[in-house]
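**Q** Take a look at the letters that make up each chain.
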Amino acid sequence: MKKLICSISLFLGMLLLSACGNSVTDQSALKNVRSSNTITWAVEGDKKLFSLIDIRDDKEKGFDIDMAKAITREILGPKGQARFTLATSQSRIPLLKNGNVDAVIATLTITPERAQVISFSKPYFQAGKSFLVPKGSKIKKPSDLNGKTVIGIVGDNSVEAVKKVAPRAKVVAMQDYGQAVSALKSHQGDALTSDNGILYGLAAQSPGSLEVTGGTYTKEPYGIAVNKNQEPFHRAINRAIDKIQKSGEYNRLIKKWFGQVPGFNYKEMYIK
Amino acid sequence: MQTWINALSWLNFGFLLKGLAVTLFISVFAIVLSFIFGSVLGIIRYAKIKFISAIVGFLIDIVRNLPLLLIIFFTYFGLPNIGLRPGAILSAIIAMTIFESSMIAEIVRSGIQSVAVGQIEGARSTGMTFVQALWHVVLPQAYRHMIPTIIGQFVSLVKDTSLATIIVVPELMQHAQVIYGQNANYIVPMFAALTLLYFIVCFSLSVIGNRLNKRLA
Amino acid sequence: MIRIFNNFSSQLVSGFGWTILSSLLTLIFSLIFGVLIALLEVIPNKAANKIGRIYVEIFRNIPLLIIVMFFYLIVPKYFVKIDGFTAGTIGLFLYTSAFIAEIIRSGIQSVSQGQMEGARSTGMTYKQAMRYVVLPQAFKIVIPPLGNQFVNLIKDSSILAFVAGFDLMYQANAIASVTFDTINSYFVIGVLYIIITMPLSYYMQYLEKKMA
Numbered sequence: 001m002k003k004l005i006c007s008i009s010l011f012l013g014m015l016l017l018s019a020c021g022n023s024v025t026d027q028s029a030l031k032n033v034r035s036s037n038t039i040t041w042a043v044e045g046d047k048k049l050f051s052l053i054d055i056r057d058d059k060e061k062g063f064d065i066d067m068a069k070a071i072t073r074e075i076l077g078p079k080g081q082a083r084f085t086l087a088t089s090q091s092r093i094p095l096l097k098n099g100n101v102d103a104v105i106a107t108l109t110i111t112p113e114r115a116q117v118i119s120f121s122k123p124y125f126q127a128g129k130s131f132l133v134p135k136g137s138k139i140k141k142p143s144d145l146n147g148k149t150v151i152g153i154v155g156d157n158s159v160e161a162v163k164k165v166a167p168r169a170k171v172v173a174m175q176d177y178g179q180a181v182s183a184l185k186s187h188q189g190d191a192l193t194s195d196n197g198i199l200y201g202l203a204a205q206s207p208g209s210l211e212v213t214g215g216t217y218t219k220e221p222y223g224i225a226v227n228k229n230q231e232p233f234h235r236a237i238n239r240a241i242d243k244i245q246k247s248g249e250y251n252r253l254i255k256k257w258f259g260q261v262p263g264f265n266y267k268e269m270y271i272k
Numbered sequence: 273m274q275t276w277i278n279a280l281s282w283l284n285f286g287f288l289l290k291g292l293a294v295t296l297f298i299s300v301f302a303i304v305l306s307f308i309f310g311s312v313l314g315i316i317r318y319a320k321i322k323f324i325s326a327i328v329g330f331l332i333d334i335v336r337n338l339p340l341l342l343i344i345f346f347t348y349f350g351l352p353n354i355g356l357r358p359g360a361i362l363s364a365i366i367a368m369t370i371f372e373s374s375m376i377a378e379i380v381r382s383g384i385q386s387v388a389v390g391q392i393e394g395a396r397s398t399g400m401t402f403v404q405a406l407w408h409v410v411l412p413q414a415y416r417h418m419i420p421t422i423i424g425q426f427v428s429l430v431k432d433t434s435l436a437t438i439i440v441v442p443e444l445m446q447h448a449q450v451i452y453g454q455n456a457n458y459i460v461p462m463f464a465a466l467t468l469l470y471f472i473v474c475f476s477l478s479v480i481g482n483r484l485n486k487r488l489a
Numbered sequence: 490m491i492r493i494f495n496n497f498s499s500q501l502v503s504g505f506g507w508t509i510l511s512s513l514l515t516l517i518f519s520l521i522f523g524v525l526i527a528l529l530e531v532i533p534n535k536a537a538n539k540i541g542r543i544y545v546e547i548f549r550n551i552p553l554l555i556i557v558m559f560f561y562l563i564v565p566k567y568f569v570k571i572d573g574f575t576a577g578t579i580g581l582f583l584y585t586s587a588f589i590a591e592i593i594r595s596g597i598q599s600v601s602q603g604q605m606e607g608a609r610s611t612g613m614t615y616k617q618a619m620r621y622v623v624l625p626q627a628f629k630i631v632i633p634p635l636g637n638q639f640v641n642l643i644k645d646s647s648i649l650a651f652v653a654g655f656d657l658m659y660q661a662n663a664i665a666s667v668t669f670d671t672i673n674s675y676f677v678i679g680v681l682y683i684i685i686t687m688p689l690s691y692y693m694q695y696l697e698k699k700m701a
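Chains as they are written, first to last, in the working numbering: chain A, 1 to 272; chain B, 273 to 489; chain C, 490 to 701.
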């Protein structure tokens, strides 16, 4: 009995701790990044074209990474440091909300649900959901997936999206894209669904065995996420995106990363 | 065969070894820290100090009855809430230390208990204080008995560092995932390499433990 | 936290169910297999001893995650298709068997010496002596460590989250990615894990004390 009471009171104590612990994210992020001259970004490491770890030098490379560096330069000046914390689709929002990072740039789609808990910048990339299937697969359109197993990613909104176009599909969520592609190749699912830009990158990593199919079935504008109530930092990021798009740097980055992707019309992405 | 040669090229193998270095780094820190904290906590729990022992004991029981994955999540996402911003590696070290300390504490407590019966009274009747009796008589014997169990726990610790991939710690398992994530054909060679590398580390730790045990016994 | 309990009760219940199911299946099969491996290690046959030993050393010295991933990613690619829950449970089974074998072996060896000879001298065969004299006593000694292994097994079953095995940890990931409330989502399943593991480990401590 004594142990029981003891345990209950301890749980309450821990609960209190977890409930009132959200205060760090209330400090001004803009002031913090200015004083440390560093912006800590949550990025992913398994998305070719957007953000992929290069085995040769252990550094992340891709469109998201270059955008993050450009935005950091705009906000903090040429000496500003961009530091990258690797995230998975699942951990990118928790990392921001709990204060591990200042901002997220990780192929994060702007959705109303997410906008309730974090603030999005203006869209910096227009993607759409599509399917990755083994070459020669009979799956041509989203409705073909009814009764099939679809692989998604934990924390990615594709899990909900696919239920809308193929209600009778079974969705299994994997931890990251590396696992998801391995699972697809191991026939743990019939298709992998995610954003077209990411899927083209995955297809390019497995030439001849995987292909993107079925066009796009949703619109997925990517935004940079910062915490709620960080208006000055939020505005600074939007201003930086504007500048990068106007100066032509944005189009150069689009061409650099998407110019060589077969089946992807990168010129549609240009800002005129 | 060509796949294996490509998969385990110097570049990829070097990347794996970098991961192994991080695994070892985390393991060594967590082993040393959890040995110290675990011993202290275990002794406190055994010593039956009013309230303190009960509270320490209860916290130990909570932690060691939770999956390590949860402790990792709580550490990584919880610490920034109290104003700290440890990176993934440091978070992994802290989480492993918290979890393994609780496991070691329990081993230490039951280890002391199994030799202490009668010993403490005997030592105290020669005029030693409780602390002296514990330090000079009971602990040396208890630790000699505990070596195999503690080493076994450290082997588990090394293996469990692989769970830190969930918060993207650049350790051995995660680096292997990066490689086979970028080229799915390399998955079998990568698993072979992973198995071998973990086995070598863990098995050598077991062998060292056995040697130590024989020498002290 | 209460909100998560209310809004996601069906996911939590199903996660709880899958966690228990996987743990129980693993426990039953690895008890049987673990005893077999332990017997291999103690019977008077050098080759069998070696095989048992090698099994135990291999599976005790590689991470569970690798074994589980092997069954989820590699086995379906080259052999048969198995889903995440099955792959995870098979991995848990092979891994836990090695630990159970080690516990049972040390149990058998701690009673073996005099008992075995005594039983043989009354005319029993090796098999009979093992079955009726040694094993029953060994089981009694090993109940507390076996119980602790079961607690470890329940905790280890959270590995299913890596292979979409629908267990508690997987559900918590899913809940956290909908509610964006990480700490509380994990806190809720932490309570659920504690509900299973804590009474069990207290009971084992009690047994240990009673036997000492």
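Just so you know, the hints here were simulated from the structure itself, not pulled from any lab data. For each residue, glycine too, the CB sits at the ideal point set by N, CA and C. Treat the hints loosely; a few may be bogus.
Said to hold, decoys possible - Restraint-style ranges between C-beta atoms, simulated for each label pair:
#, chain 1, residue 1, chain 2, residue 2, range
1, A, Pro78, B, Ala293, 44 to 50 Å
2, B, Leu356, A, Asp54, 41 to 47 Å
3, C, Lys535, A, His187, 49 to 55 Å
4, C, Tyr615, B, Ala319, 45 to 51 Å
5, A, Arg252, B, Leu356, 50 to 56 Å
6, A, His187, B, Ser281, 24 to 30 Å
7, A, Tyr266, B, Ile308, 28 to 34 Å
8, A, Lys140, C, Ala536, 55 to 61 Å
What the hints assert, rightly or not - Cut-off 27 Å, straight-line C-alpha distance, at most; resulting in silico cross-link-like pairs (DSSO-like, lysine-lysine):
#, chain 1, residue 1, chain 2, residue 2
9, B, Lys320, C, Lys566
10, C, Lys539, A, Lys135
11, A, Lys170, A, Lys140
12, A, Lys61, A, Lys170
13, B, Lys486, C, Lys566
14, A, Lys140, A, Lys31
15, A, Lys69, B, Lys486
16, A, Lys61, B, Lys486
17, C, Lys566, A, Lys148
18, C, Lys535, A, Lys148
19, A, Lys256, A, Lys59
20, A, Lys135, C, Lys570
21, A, Lys140, A, Lys122
22, A, Lys31, A, Lys185
23, A, Lys140, C, Lys570
24, A, Lys170, A, Lys219
25, C, Lys698, A, Lys138
26, A, Lys138, C, Lys539
27, A, Lys140, C, Lys535
28, B, Lys290, A, Lys59
29, B, Lys322, C, Lys698
30, A, Lys141, C, Lys566
31, B, Lys322, C, Lys539
32, C, Lys570, A, Lys185
33, C, Lys535, A, Lys170
34, C, Lys698, A, Lys185
35, B, Lys486, C, Lys699
36, A, Lys256, A, Lys228
37, C, Lys570, A, Lys141
38, C, Lys539, A, Lys163
39, A, Lys141, A, Lys122
40, A, Lys228, A, Lys267
**Q** Within 27 Å, alpha carbon to alpha carbon, are Lys256(A) and Lys228(A)?
**A** 33 Å, violated
**Q** Below or equal to 27 Å on CA atoms is what counts here, so check Lys290(B) against Lys59(A).
**A** Between Lys290(B) and Lys59(A) the Cα gap is close to 13 Å, so the pair holds against 27 Å.
**Q** Could you grab the alpha-carbon distance between Lys539(C) and Lys135(A) and see if it respects the 27 Å cut-off?
**A** Roughly 46 Å separates the two Cα atoms, so the pair is violated.
**Q** With the threshold set at 27 Å, check whether the alpha-carbon distance from Lys570(C) to Lys185(A) stays at or below it.
**A** 12 Å, holds
**Q** With 24 to 30 Å as the target window, see if His187(A) and Ser281(B) comply at their CB atoms.
**A** 28 Å Cβ-Cβ, so the 24 to 30 Å window holds.
**Q** Look at the Cβ atoms of Arg252(A) and Leu356(B) and judge whether their distance stays inside 50 to 56 Å.
**A** 39 Å, violated
**Q** What's the verdict on Lys69(A) and Lys486(B), does the C-alpha distance respect the 27 Å limit or exceed it?
**A** Not satisfied, since the Cα-Cα distance of roughly 57 Å exceeds 27 Å.
**Q** Given the range 44 to 50 Å, decide if the beta-carbon distance of Pro78(A) to Ala293(B) lies inside it.
**A** For Ala293(B) against Pro78(A), whose Cβ atoms are near 33 Å apart, the range 44 to 50 Å is violated.
**Q** With the threshold set at 27 Å, check whether the alpha-carbon distance from Lys539(C) to Lys163(A) stays at or below it.
**A** Not satisfied, since the Cα-Cα distance of roughly 52 Å exceeds 27 Å.
**Q** Looking only at beta-carbon atoms, does the pair Leu356(B), Asp54(A) fall within the given range of 41 to 47 Å?
**A** 30 Å, violated
**Q** Within 45 to 51 Å: is that where the Cβ-Cβ distance between Tyr615(C) and Ala319(B) falls?
**A** 47 Å, holds
**Q** Taking 27 Å as the top limit, are the C-alpha atoms of Lys138(A) and Lys539(C) close enough?
**A** Violated - the C-alpha atoms of Lys539(C) and Lys138(A) are around 50 Å apart, more than 27 Å.
The structure fails to meet hints 1, 2, 3, 5, 7, 9, 10, 12, 13, 14, 15, 16, 18, 21, 22, 25, 26, 27, 31, 33, 34, 35, 36, 38, 39 and 40 from the earlier list, while all remaining hints are met.
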